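A.B. asks: Need the complex rebuilt from these two chains, each delivered in its own frame; the hints are there to steer you.
These protein sequence lines map, in sequence, to chains A and B.
According to the numbering used here, the first sequence is numbered sequentially starting from 1444.
According to the numbering used here, the second sequence is numbered sequentially starting from 6.
Hints were generated in silico from the structure; no laboratory data involved.
All of these numbers come straight from a predicted model, not from anything done at the bench.
Heads up, a few of these hints could be off.
[Unchecked claim] Here are the simulated lysine-lysine pairs, DSS-like style, with alpha carbons at most 27 Å apart:
(1) B:K264 with A:K1600
(2) B:K188 with A:K1600
(3) B:K264 with A:K1554
[Claimed, not checked] Okay, the calculated bits of chain B under chain A, using three or more residues with CB under 8 Å as the criterion:
(4) 168–179
(5) 256–267
By construction, the Cβ of each residue, glycine as well, lies at the ideal position given by its N, Cα and C atoms.
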Amino acid sequence: MTEAPVLSIRGISRTFVGQERDVVALDNVDLDVQKGEFISLVGPSGCGKTTLLRIIDGLDAADSGTIDLEGKRLNGVSQDMAYVFQDINLLPWRSVRGNVELGLEARGVEKAERQRIATECLEMVGLKDVMNVPPYTLSGGMQQRVGVARALAVKPKVLLMDEPFGQLDNFTREALQAEVALLWEQLGITIVFVTHDVDESIFLSDRIVVMHRNPGRIVEILDVNLPRPRTQAEFRGEPETISLRSKITALLRSQEGGL
Amino acid sequence: MSVNVANVGASGQFKAKRPHRVRNGASFVVYPIIALAVLLGLWWLISSFTNPLLLSSPAAVVRAIANILTHPTTTAALLLSLREMYLGLVLGVAIGFTLGVFIGRFPAVNNVMSPFVNVVNATPLIVAIPLLVIWTGIGMEARVVFTMMVTTFPMLLNTAAGVRNVHKGYVEVAQTLGLSERKTLYKVAIPAAVPYVLAGLRSSLSLAIIGMVVGEMEVSNVGVGWLLLQYGAGLQTAFLLGLICITSIFGVINVTALKIVERTVFRWTTSTR
Ligand SMILES: Nc1ncnc2c1ncn2[C@@H]1O[C@H](COP(=O)(O)OP(=O)(O)OP(=O)(O)O)[C@@H](O)[C@H]1O
Ligand SMILES: [Mg+2]
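Looking at chain B on its own, in the form it has when it is part of the complex (with noise of 0.2 Å):
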């Protein structure tokens, strides 16, 4: 706006920027369909040609994707895939943002619990499954809580990073101004951290995902993971490429959820420096 502004001012130019803006707005949208286009052209060219068992056409794939979402029987395993994953990530985020708080704010938690972390954090997590299993059986606990170990690692190293690396000016208000330590945390320290709680939020709902899918084929075959078993050993290909679709529009639904969050409530993320 104020660049506009200054525009005018100086000389002018706001006939000539003012139609540049727009069109690099609209860029945003069109580029990305016309990219999106030429893809499925590409796809529905290749799939005329080739067995439709290596890659199915578009169509086929279109269809499998109303199939799955009609269905009951698969209808009902994408939800409780859907469940079993948002419960492990509410749970993983609401620890690893605890835990991240704790180990950010006291460099004696961060000193005897680092170690851990880094270790666990450098351990793919895919090789505590049998063990979970034999510590929760292979019911949805054992699911949950492997979406829950890998969602709570980017969100604590993010959180207790953001807490520690509190600008310093913020930190010397609150001095100042006599907020006690507890107050100085949760007005200041725990605020300022938003952005980073809110990179390491992303990097838990992709991994969410990632845990759920490898539970389901893994601990036991349900959900999401069970489909995919299923339609790779039935060589169901068009289905198989409409679940991948569907998972990943979850994943896009999860991430713009987030961006629409940062926009509204956290604003003063995008808006400041």
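Excised from the complex, chain A in its bound form (with noise of 0.2 Å):
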């Protein structure tokens, strides 16, 4: 860890104007994070988890902070980073294939080579056989799939995942953090990834991130000591599992009816 962060959040601050009071979803963050890390923010519903990753991607802008990108500040959405949303919003009049397009389509790929590309990201998430297929006559899990495929094949330097399985049953979450640490493995990427289930950020992350609420902020950056690979019929068992889970756990319970 003595390179330089791929991401540096310095001073993040963003308060909600509302008419009846102001909500101050984040109070001067600041978070580094490692080239090829996989990390993860938890905490309570409106800790600023959501606001945090739409700054860091350039989607909100922050009241005051700078976030910079390998040493460069950034300005707007980044074409280095990719989002994905909790839901998905996967385009209806596009092919399976089309919307894995979109993103090459801003960059000016051209047609043979962008079909190239999306169909592979799409193979690397097992649904090279739907690609032509309108995205809503997948399952919720093939389509967050799809949401993945979408956001890799950008090529992104860092991947922001904001909840991608949130609505999904616990079969199919499951089968997709495998899916997720195994591309990350393979891919190489850094990973910022949000939930609110402790499991999951153990079994996905190096560090986890825990959060407060009113206002948002960071409590506690935990380190995630597990070999990898990892598995989900083994990891739950661990020690370390259960010593962190136990952590964060009295981290947000400590926190809880704090509005």
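C.D. replies: Next up, the structure:
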């Protein structure tokens, strides 16, 4: 960890001005993300996880603070990051592959190359067979795989994922967690992952950022010292998992009713 | 489909469900046919003891329709009407769509245009006909322009609403993937507005027929409008009713064509949400 961080977040604050009261969604948040790291943001609903991720991506602007990607100050949406939304938002008028091609069209990649890359990315998530169907004919789990393929197609340096599996059933979620872990290992990309599922964060992450709400800030950053590759069957019983789980749960419980 | 599969697994209701669905499907065809038969029967019954000047018999109307569709003068009038209608419609829809996209996309354009658009839209456009005649004469131009005017507005308003109300999630997808403003407009916002555009087109289609007939009655006596006036003046009730049927068939053809386009080219608009 002596290398310079790929993502350097400094003093990010964001207040939403409301009619009755203002919400301090983020209060002076600092965070360094290392290259190739899998880092999760965990916290109660409303602690600013989504807000932070959106600000990192440039979908929302901070009131103050800076974000550097590989030493370069970011301004607006970065082409080097991709975002996976919880409510996937696949475009229904495009085929599955057409959706995956969208980011490549933005970059002016010519058609044959675009299709090649999109097909390759769909293959990575196991959806090559359905690349020509409309996305709304797929199950929720398959749709989110398309969401991941769409993000991967632009070869991002940092992949931002906001509770991507939050709406899926347990089995599908575990399958997708394993797939994402595998893709992350194979591709060597950096992933910032938002979840409020403690076990999900332990299974996937190198580090877990625990957040607090009102005002939204980081309370603790925990290392996950579990060997990889991890398996769903084994990691839950590991002493490291048990200890992390109780630490994180205690941190989250301590802010219950803290509205 | 998934409903049926679930039924099989859950309680073996497949057999009970399937015939029900088939009956439902058939009722779409059967009930209207029954209703039509009843209506025709009633019509025939009433017309058999009323003055044919007030209500012609179905048979007389069918004969009149056949006559209208075969006589060279009347077929020429119908074709002229259709040509002008589609010309006006295409122009109106193209202008309405283009302006709608700009108004929906650029708040500044919307601010400048919306008072104007609202005033014109609230005006019954028929009042513009004398002015149109002064400007363009009593030829085909005035009639086409009138149809164009009445078809522009539903298209404009719907398209603008569609482009303005693009689902925020789609826009954010475009943003995060780095689409330029221009690419976001034509790869995301305009496709997303298609359901609105189709709704606008549906209104424009029915207004086009009205525009056509009104133009032909008020600007210069040609086409269907002229025929209607002729038949009316001659108290030719059967021909009037026949022409009304023909005109409504135009409308049905237009709407059916649009439905087919919706279900093939834009199938996603009927398959999602
Ligand atoms: N556009 C907005 N306008 C007003 N308030 C907002 C807006 N977006 C977020 N907030 C507020 O900011 C706070 C943080 O929201 P955020 O969505 O980042 O939370 P979160 O940690 O992602 O929660 P969850 O786990 O429920 O997704 C919340 O109190 C929320 O109400
Ligand atoms: Mg959130």
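A.B. asks: It remains to establish, for every hint, whether it holds in the given structure.
C.D. replies: Against the structure, the hints come out as follows:
1. B:K264 with A:K1600: violated (46 Å)
2. B:K188 with A:K1600: With a Cα-Cα distance of about 23 Å, the restraint between K188 (chain B) and K1600 (chain A) holds, given a limit of 27 Å.
3. B:K264 with A:K1554: violated (32 Å)
4. 168–179: holds (count 6)
5. 256–267: violated (count 0)
Checked against the numbered hints given earlier, this structure breaks hints 1, 3 and 5; the rest are met.
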